[in-house]
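Engineer: Quick note on this note's numbering: the sequence shown kicks off at -3 and runs consecutively.
Read the hints as simulated data drawn from the structure, not as lab findings.
Since we're looking at a predicted model, the values are computed, not measured.
Heads up, some of the hints might be wrong.
Unchecked claim - Below 20 Å or equal to it, Euclidean Cα-Cα: the simulated SDA-like pairs (lysine to any residue) are:
hint : residue 1 : residue 2
1    : Lys141    : Leu105
2    : Lys71     : Leu36
3    : Lys100    : Lys2
4    : Lys100    : Val35
5    : Lys100    : Asp83
6    : Lys100    : Pro113
7    : Lys71     : Leu105
8    : Lys2      : Ser32
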Amino acid sequence: SVGDRKIPASLIPYCAPEIRRNRNTSSYSEFSEVYSMGVLMWQACSQGAIPFAGDTNSGDTRRRASINRRLGRPKQCQENLWAVISDCLLNEPELRFEFSAIKKRLSDLQDIRPPPPPPPLIRCIHCNNEFPQDQVDDHEKSCPKMPRSWIDRFFSFFGFSSKKNSYFKQNRQYLCIVPLDELELPKFSIERIK
-3 SVGDRKIPAS LIPYCAPEIR RNRNTSSYSE FSEVYSMGVL MWQACSQGAI
47 PFAGDTNSGD TRRRASINRR LGRPKQCQEN LWAVISDCLL NEPELRFEFS
97 AIKKRLSDLQ DIRPPPPPPP LIRCIHCNNE FPQDQVDDHE KSCPKMPRSW
147 IDRFFSFFGF SSKKNSYFKQ NRQYLCIVPL DELELPKFSI ERIK
């Protein structure tokens, strides 16, 4: 309880140690709120875990406070953010930062963003090497392992060169051969293609 008011058991983990240790309201300050905010930030980084979840009753939580036990760093919490949270969770109120300083530190963290992830890699259908998604199409068009002999034979049978009169459009599963200008094809080849 704080003064004459009782603290609900579910809120005890969020209370600063000085509030849990003392029964008078004189120990309450802005720094007590800083501690509570630190617990909330810890909970957010812990994906909603309950602080001191292993404690079976409010007496266990009070004992942890009295022996200066602290919440540990969550696995998903970045080191620079943990430094801010950890400073909020200090047991001695006079060692905690004021809200204005915490706000500045958190704002500074926003400016430090991780680099964007690299583009996904996709395998070339011919050589099996991996390339960034935006480069794989260009590579596959000129891949040295792309089978060309049957393409050249096909075009020479119909009387035109695969290098001059056609456009190769590649797909991940198949190669599609599209004549650029069907008017230049000999008439018999158009009939045979149909």
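Engineer: Please go over all the hints and tell whether each is borne out by the structure.
Structural biologist: Quick rundown of the hints versus the structure:
1. Restraint check: the Cα-Cα separation between Lys141 and Leu105 comes to about 48 Å, which exceeds 20 Å; the hinted pair is violated.
2. Of the pairs offered as hints, the one joining Lys71 and Leu36 holds, with about 16 Å between alpha carbons and a cut-off of 20 Å not exceeded.
3. As the CA atoms of Lys100 and Lys2 are separated by approximately 34 Å, the hinted pair breaks the 20 Å bound.
4. Between Lys100 and Val35 the alpha-carbon distance is near 19 Å, which keeps this suggested pair within the 20 Å criterion.
5. Between Lys100 and Asp83 the CA atoms are separated by roughly 14 Å; this keeps the pair inside 20 Å, and the hint holds.
6. Pair hint Lys100 plus Pro113 does not hold up; C-alpha atoms about 27 Å apart against a cutoff of 20 Å.
7. Restraint check for Lys71 and Leu105: satisfied, since their Cα atoms lie roughly 18 Å apart, inside the 20 Å limit.
8. A threshold of 20 Å between alpha carbons decides the hint, and for Lys2 with Ser32 the separation of about 17 Å falls inside it, so the pair holds.
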